[in-house]
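Chemist: For the record, the sequence lines run as chains S and P. Numbering (the numbering used here) for the first sequence: 1 to 271. Numbering (the numbering used here) for the second sequence: 272 to 520.
Rather than coming from a laboratory, the hints here were simulated on the basis of the structure. Keep in mind it's a predicted model, so treat the numbers as computed, not measured. C-beta: ideal position from N, C-alpha, C; glycine also. Among these hints, one or two may not hold up.
As the list claims (entries may be wrong) - EDC-like mimics (lysine to aspartate or glutamate), calculated; alpha carbons at most 20 Å apart, straight line:
1) S:K3 / S:E211
2) P:K339 / P:D329
3) S:K111 / S:E125
4) S:K162 / P:D326
5) S:K162 / P:D301
6) P:K338 / P:D301
7) S:K231 / S:E199
8) S:K193 / P:D308
9) S:K162 / P:D309
10) S:K162 / S:E100
11) S:K217 / S:D182
Unchecked claim - Far from chain P, by Cβ distances over 10 Å, these chain S residues were calculated:
12) K3
13) Q90
14) K94
15) I124
16) I137
17) K193
18) I200
19) K217
20) L236
21) D240
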Amino acid sequence: MAKVIVVTSGKGGVGKTTSTAALGAALAQRNEKTVVVDFDVGLRNLDLVMGAERRVVYDLVNVIQGDAKLPQALIRDKRLDTLFLLPASQTRDKDSLTPEGVEKVMAELKKHFDWIICDSPAGIERGATLAMRHADIAVIVTNPEVSSVRDSDRIIGLLDAKTERAERGERVEKHLLLTRYDQARAERGDMLKVDDVLEILSIPLVGIVPESTDVLKASNLGAPVTLADSKSAPALAYLDAARRIAGETVPMTIPGEKRGFLGKLFGRRAA
Amino acid sequence: MTKVLTDTRSIRIKGRSFLALVLSPEPPLDAWLTRLDDLASRSAGFFLGRPVVLDVADLEIDRAGLKKLIDELGQRNVRIMGIEGGRPSLFEPGMPPAMKGGRPAPDIEIPAETTAEPVGAAPAKAAVPIVQVEPQATRAISSIVIREPVRSGQSVIFPEGDVTVVGSVASGAEIIAGGSVHIYGTLRGRALAGSVGNASARIFCRRLEAELLAIDGVYKTAEDMAPNLRGQAVQLWLEGDSIMAERLN
Ligand SMILES: Nc1ncnc2c1ncn2[C@@H]1O[C@H](COP(=O)(O)OP(=O)(O)OP(=O)(O)O)[C@@H](O)[C@H]1O
Ligand SMILES: [Mg+2]
Numbered sequence: 001m002a003k004v005i006v007v008t009s010g011k012g013g014v015g016k017t018t019s020t021a022a023l024g025a026a027l028a029q030r031n032e033k034t035v036v037v038d039f040d041v042g043l044r045n046l047d048l049v050m051g052a053e054r055r056v057v058y059d060l061v062n063v064i065q066g067d068a069k070l071p072q073a074l075i076r077d078k079r080l081d082t083l084f085l086l087p088a089s090q091t092r093d094k095d096s097l098t099p100e101g102v103e104k105v106m107a108e109l110k111k112h113f114d115w116i117i118c119d120s121p122a123g124i125e126r127g128a129t130l131a132m133r134h135a136d137i138a139v140i141v142t143n144p145e146v147s148s149v150r151d152s153d154r155i156i157g158l159l160d161a162k163t164e165r166a167e168r169g170e171r172v173e174k175h176l177l178l179t180r181y182d183q184a185r186a187e188r189g190d191m192l193k194v195d196d197v198l199e200i201l202s203i204p205l206v207g208i209v210p211e212s213t214d215v216l217k218a219s220n221l222g223a224p225v226t227l228a229d230s231k232s233a234p235a236l237a238y239l240d241a242a243r244r245i246a247g248e249t250v251p252m253t254i255p256g257e258k259r260g261f262l263g264k265l266f267g268r269r270a271a
Numbered sequence: 272m273t274k275v276l277t278d279t280r281s282i283r284i285k286g287r288s289f290l291a292l293v294l295s296p297e298p299p300l301d302a303w304l305t306r307l308d309d310l311a312s313r314s315a316g317f318f319l320g321r322p323v324v325l326d327v328a329d330l331e332i333d334r335a336g337l338k339k340l341i342d343e344l345g346q347r348n349v350r351i352m353g354i355e356g357g358r359p360s361l362f363e364p365g366m367p368p369a370m371k372g373g374r375p376a377p378d379i380e381i382p383a384e385t386t387a388e389p390v391g392a393a394p395a396k397a398a399v400p401i402v403q404v405e406p407q408a409t410r411a412i413s414s415i416v417i418r419e420p421v422r423s424g425q426s427v428i429f430p431e432g433d434v435t436v437v438g439s440v441a442s443g444a445e446i447i448a449g450g451s452v453h454i455y456g457t458l459r460g461r462a463l464a465g466s467v468g469n470a471s472a473r474i475f476c477r478r479l480e481a482e483l484l485a486i487d488g489v490y491k492t493a494e495d496m497a498p499n500l501r502g503q504a505v506q507l508w509l510e511g512d513s514i515m516a517e518r519l520n
């Protein structure tokens, strides 16, 4: 059964696209057929992070408008043959995504893939609500600072109201992915602590990705960080997060701390 | 969760000084009524027998249209206690009275200065109840329980009675209750108790980090709150025009 994941945040620039690519590659490495879908129409980025920008011919909007068939728009990754990209259009605006069109594309993707990962645009408008519309699982990307946390909270509310699952009276499975985490700054009190963020959002934690120059290095190489250097700290965090999303139990670590410290926090659930 | 309204924009409802709900219909009225039905169905008992002020200031409507609208709302159990922003020619005997700024408008128009209230008047002034809900000895006190966190951007509006939240209320979320508000979690957003005129309503929370607290229209913002209450389990009530607070242990 195909699972649809939305990677979302409300706030911009927190690491959604980075996380979509990293988790997509990590899931594909499990030999499960994975597609990453860029919903950020007009500001596409996922193709760059995946290193596929020169191979884009057709995009999501072309498929929705019937100018291209889905297989023509899908780009297979050069490193992993289980990984695909459905790029966004850079030239159209967000209004070219229609609910009916998105529904059709998602239904077709579900026939061919195990994992469909939707990279949401920032904000709470149409683009973001369409990206979350068909999700079974939401990865809520949050930075340890108040504005990001509040926006994530807002997004969680929308996930409980505006998704197909919510309308059927079901729940979207929610996971908190804390990114750009800097242990030293958290200790100095310049950033929210992991515990504080969990207390405010009260959804289970799926991973803590450290702030690291490896992320920028990977995106300059045009490779998901999990493929660029699978031993780097952010890669390890994303690989573990992907295993948890796939249902495995993996002990949680705060980057920069001894392993297992956070074990008791992982699995914490909403009241 | 049916009782959590996430899209408060689809129908404009304002708490008039936190005391009565104001409905502002928008054309086309058929579509607006459909959205109202949708809202009512998602928030069981939302308008049931509740006093509501109808604001028609921005609505092009004639007397027949207004009558029909009142009729439609009546069928939905929305009791209109007054109409705001309507030209005198709109009214006829038997209709709800004309109101101004939430108070009954004078029968004769008086030049603006004497009736207009200064914007941002002292909050305590707004506490004069505009509706006195008649006490009915037999009426059961109703309440709702929300079993999950109330998220930023969500409002829980329950004029009929008490609201209990088993979870936290986020920054940017609000609880508006006709009765008391009970929060078994951290209150970071707004809590408005006694919102249809009930000075004995109280607010209880396990941890106070609120942005705004109001009881019967008297309010306090985060800045007015005693710093030693922050982060504490607290109950708040009204004595005269002041909100009193005490730690719960
Ligand atoms: N763990 C990290 N450490 C350091 N830099 C990071 C990390 N995660 C993301 N970044 C950087 O932050 C910037 C924004 O990341 P990204 O584009 O993934 O965010 P986004 O949420 O998709 O943004 P938008 O809302 O604009 O779509 C990029 O420059 C990226 O390299
Ligand atoms: Mg992005």
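Chemist: Just double-check Q90 of chain S for me: nearest Cβ-Cβ distance to chain P has to come out over 10 Å.
Modeler: Non-interface label stands for Q90 of chain S: nearest chain P Cβ at 30 Å, farther than 10 Å.
Chemist: Do the alpha carbons of K162 of chain S and D326 of chain P lie within 20 Å of each other, as the hint requires?
Modeler: 29 Å, violated
Chemist: Quick check for students: does the CB of K94 of chain S sit more than 10 Å from each CB in chain P?
Modeler: Nearest chain P Cβ is 19 Å from K94 of chain S, so the label holds.
Chemist: CA of K162 of chain S to CA of D309 of chain P, is that 20 Å or under?
Modeler: Given that 20 Å is the threshold and the Cα spacing comes to 14 Å, the pair holds.
Chemist: Confirm or reject: D240 of chain S is not an interface residue toward chain P, with every Cβ-Cβ distance exceeding 10 Å.
Modeler: 26 Å, holds
Chemist: Looking at I200 of chain S again, its CB stays over 10 Å from all of chain P?
Modeler: 7 Å, violated
Chemist: Would I124 of chain S pass as off the interface with chain P, using Cβ distances and a cut of 10 Å?
Modeler: Nearest chain P Cβ is 8 Å from I124 of chain S, so the label is violated.
Chemist: Keeping to a limit of 20 Å between CA atoms, is the pair of K339 of chain P and D329 of chain P held or broken?
Modeler: Holds. K339 of chain P to D329 of chain P sits at ~17 Å (cutoff 20 Å).
Chemist: Taking only the CA atoms, is the gap from K231 of chain S to E199 of chain S under or equal to 20 Å?
Modeler: 31 Å, violated
Chemist: With 10 Å as the threshold, tell me whether I137 of chain S passes as away from chain P on beta-carbon distances.
Modeler: 18 Å, holds
Chemist: Does the claim that K193 of chain S lies off the interface hold, with its Cβ farther than 10 Å from every Cβ of chain P?
Modeler: 15 Å, holds
Chemist: Does K3 of chain S sit more than 10 Å from chain P, CB to CB?
Modeler: Check passes; 23 Å lies beyond 10 Å.
Going down the numbered hints, you'll see the structure goes against 1, 3, 4, 5, 7, 8, 15 and 18, while the others check out.
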